[in-house]
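Undergrad: Take the sequences, apply the hints, and build the full model.
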Amino acid sequence: FLAPSARRSFSISSSPTSSTIQGNARGLYSSSTDKDEAQTSSSSEKKEPKHAPRHDVGAQAELSPEEMAIQAAFAEHQQNCPKLGFATDVRTLIQYNHGFAVISTNSKSMDGYPNGSVVAFAPDEDGNPLFVFSGMSSHTKDVLSDPRCSLTVASKQFKGAADGRVNLIGKTTLIPKEEREAAKATYLKKHPGAFWIEFGDFNLFKMEIEKVNFVGGFARAGSVSPEEYKEAKPDVISEFGIHIASHMNEDHMSSTIAMIESQVPGLNAKEAVITSVDSLGMYIKVTRSPSDTDETQQFKMRLPFPREAKDRKDVKGIIMEMTMAAAAASKTAAGEE
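Each step along the sequence shown adds one to the number in my numbering, with nothing skipped, and position 331 is 336.
Rather than coming from a laboratory, the hints here were simulated on the basis of the structure.
Please note: incorrect hints may appear among the correct ones.
To be verified - 20 Å max Cα-Cα, derived PhoX-like pairs, lysine-lysine:
{"#": "1", "residue 1": "235", "residue 2": "216"}
{"#": "2", "residue 1": "113", "residue 2": "176"}
{"#": "3", "residue 1": "161", "residue 2": "238"}
{"#": "4", "residue 1": "195", "residue 2": "238"}
{"#": "5", "residue 1": "194", "residue 2": "161"}
{"#": "6", "residue 1": "161", "residue 2": "195"}
{"#": "7", "residue 1": "216", "residue 2": "238"}
{"#": "8", "residue 1": "290", "residue 2": "161"}
Here the structure is a predicted model, which is why all the values come from computation and not from measurement.
TA: Structure representation (structure tokens):
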């Protein structure tokens, strides 16, 4: 979700079993993050990490009974939404990133200071970042002197604090001669125009990951072990999910709003922008105005699929089913009124 309005402040607990909103009701902004993101799940969802300390942003203003009911229904809906496990989320973000990130090294020229550089990378089959560095670059000199470093990778659609980012920590070293051809092929698949890979001054490096930190938005943060990260596989739908999101946002936002309303009646979204699509559902940036106030609220919501999507055709069929079901529900509701 995105930042709440100033009028209705709230508090999010770090405990997955005690997520609360201070005031009279569970806050709308707790969304899908407080309970599910930290629970241990089955093989399809890996163990979720422990969350950071709670964010306390003050007391919540009194809500009307109608708004309390909507917020309670929203919180319950979000807690029950299926979603990718943390490890899968991280591998997916790294795999489908545009291939550029910020590497932070220990400066050789300024002892004790960090050195940050934007670099190109490509993940290998285990998710380890591969680099092609020039011998003239300061970060190259840094890792040759001290291989300890970190790589901060933002999601391809990153626009602000509500969007995902990953920090990989480990050691970056030169790739052995016998592994270079395979690494070169992997790198060129991600960066086909990197002709400088053949230059004599450029060398292939690989980061061996020792720690993974992940932030998926407000109240959704933690760490994934290197073993969990390596075992996880990128979500196949997420590779082209942004194209589906763009089409829906440009041509069918009214259908997205209808799907939201069918699952959380009374939410009355004014705008619904799909930010990502995966095999289990969608994340949507929702804008609404509660019926008892003229303030504007904006937050991220999880909209689950009725079943797991296997390919692009399957996603299209599922969204059509959800759209038709939402239209039928709206017609029934209108008839009852």
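Undergrad: With reference to the structure, classify each hint as holding or not holding.
TA: Results of checking the hints against the structure:
| no. | hint | verdict |
| --- | --- | --- |
| 1 | 235 <-> 216 | 11 Å, holds |
| 2 | 113 <-> 176 | 15 Å, holds |
| 3 | 161 <-> 238 | 18 Å, holds |
| 4 | 195 <-> 238 | 17 Å, holds |
| 5 | 194 <-> 161 | 17 Å, holds |
| 6 | 161 <-> 195 | 14 Å, holds |
| 7 | 216 <-> 238 | 17 Å, holds |
| 8 | 290 <-> 161 | 16 Å, holds |
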